[in-house]
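Colleague: Spelled out, the chains give:
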Amino acid sequence: LAKTTQPISMDSYEGQEVNITCSHNNIATNDYITWYQQFPSQGPRFIIQGYKTKVTNEVASLFIPADRKSSTLSLPRVSLSDTAVYYCLVAPVSYNNNDMRFGAGTRLTVKP
Amino acid sequence: GAVVSQHPSWVICKSGTSVKIECRSLDFQATTMFWYRQFPKQSLMLMATSNEGSKATYEQGVEKDKFLINHASLTLSTLTVTSAHPEDSSFYICSARDYGARYGYTFGSGTRLTVV
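Protein chains in written order, with this note's numbering: chain A, 1 to 112; chain B, 113 to 228.
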């Protein structure tokens with residue numbers, strides 16, 4: 001599993017765009033990048049997944065440069081309810097992948 | 113979408129007793145399930161990988177005799193904490209892979225175990 005590095009914490013204000021970057025220098029060719037959100041006392045929730053370039057869904061965008069050694073989760077116009085821990089996970093999306101180890105995650109605090 | 117149901121959501125038990133936590137995939141078959149442990153303000157720590165019909169694979173440092181995992185069907189995996197002690201108090205989370213869905217992994221809501 002490619003080791004990931006994220007900032008431990010970030011602060012933002014309501015209405016701002018938040019970008020969280022994850023470094024994964026030894027990402028493998030068949031690895032995908034997936035971001036999860038976790039609120040206290042809840043299981044992680046899928047946010048977005050990508051392999052290269054840019055992916056956008058109704059809640060976030062994911063930017064992946066050509067070398068894929070990093071990725072950036074972009075949350076547009078955050079609100080107080082976006083306060084959570086965000087995890088970047090790099091792993092193959094394959095039948096026999098049994099390697100689902102999480103990094104430290106980024107604790108995002110959104111202030112009014 | 114894929115749903116993983118985890119029960120109970122919280123449990124309090126006395127030292128020396130055993131506690132069973134269930135993890136069910138509600139609308140898909142899960143050949144593989146994962147069990148995690150999470151301490152306050154820390155990341156999820158993978159404890160073991162559970163494969164249907166075979167023995168679980170435990171991470172280094174996790175006592176397999178203390179944390180018994182059974183994955184007897186494609187929709188149910190259980191984690192039994194045996195002879196629980198206060199240091200076993202933690203948040204336990206399961207996850208399952210829906211191979212029919214591109215994005216894959218779905219997590220349960222977690223179980224808060226408190227051993228008194």
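Derived from the structure by calculation, the hints contain no laboratory data.
Among the clues, some could well be false.
Only part of the chain A face toward chain B is listed, based on derived beta-carbon distances under 7 angstroms [said to hold, decoys possible]: (1) GLY43; (2) PRO44; (3) MET100; (4) ARG101; (5) PHE102; (6) ALA104; (7) THR109; (8) PRO112.
In silico PhoX-like pairs for lysine-lysine, Cα to Cα no more than 25 angstroms straight-line [said to hold, decoys possible]: (9) LYS153/B <-> LYS3/A; (10) LYS69/A <-> LYS111/A; (11) LYS153/B <-> LYS111/A; (12) LYS176/B <-> LYS132/B; (13) LYS54/A <-> LYS69/A; (14) LYS167/B <-> LYS126/B.
It should be emphasised that the depicted structure is a prediction, and the values quoted were computed from it without experimental measurement.
We put the CB at the ideal spot given by N, CA and C, even for glycine.
Colleague: Any hints from earlier that this structure breaks? Give me their numbers in increasing order, please.
Modeller: Violated hints: 7, 8, 10 and 14; rest satisfied.
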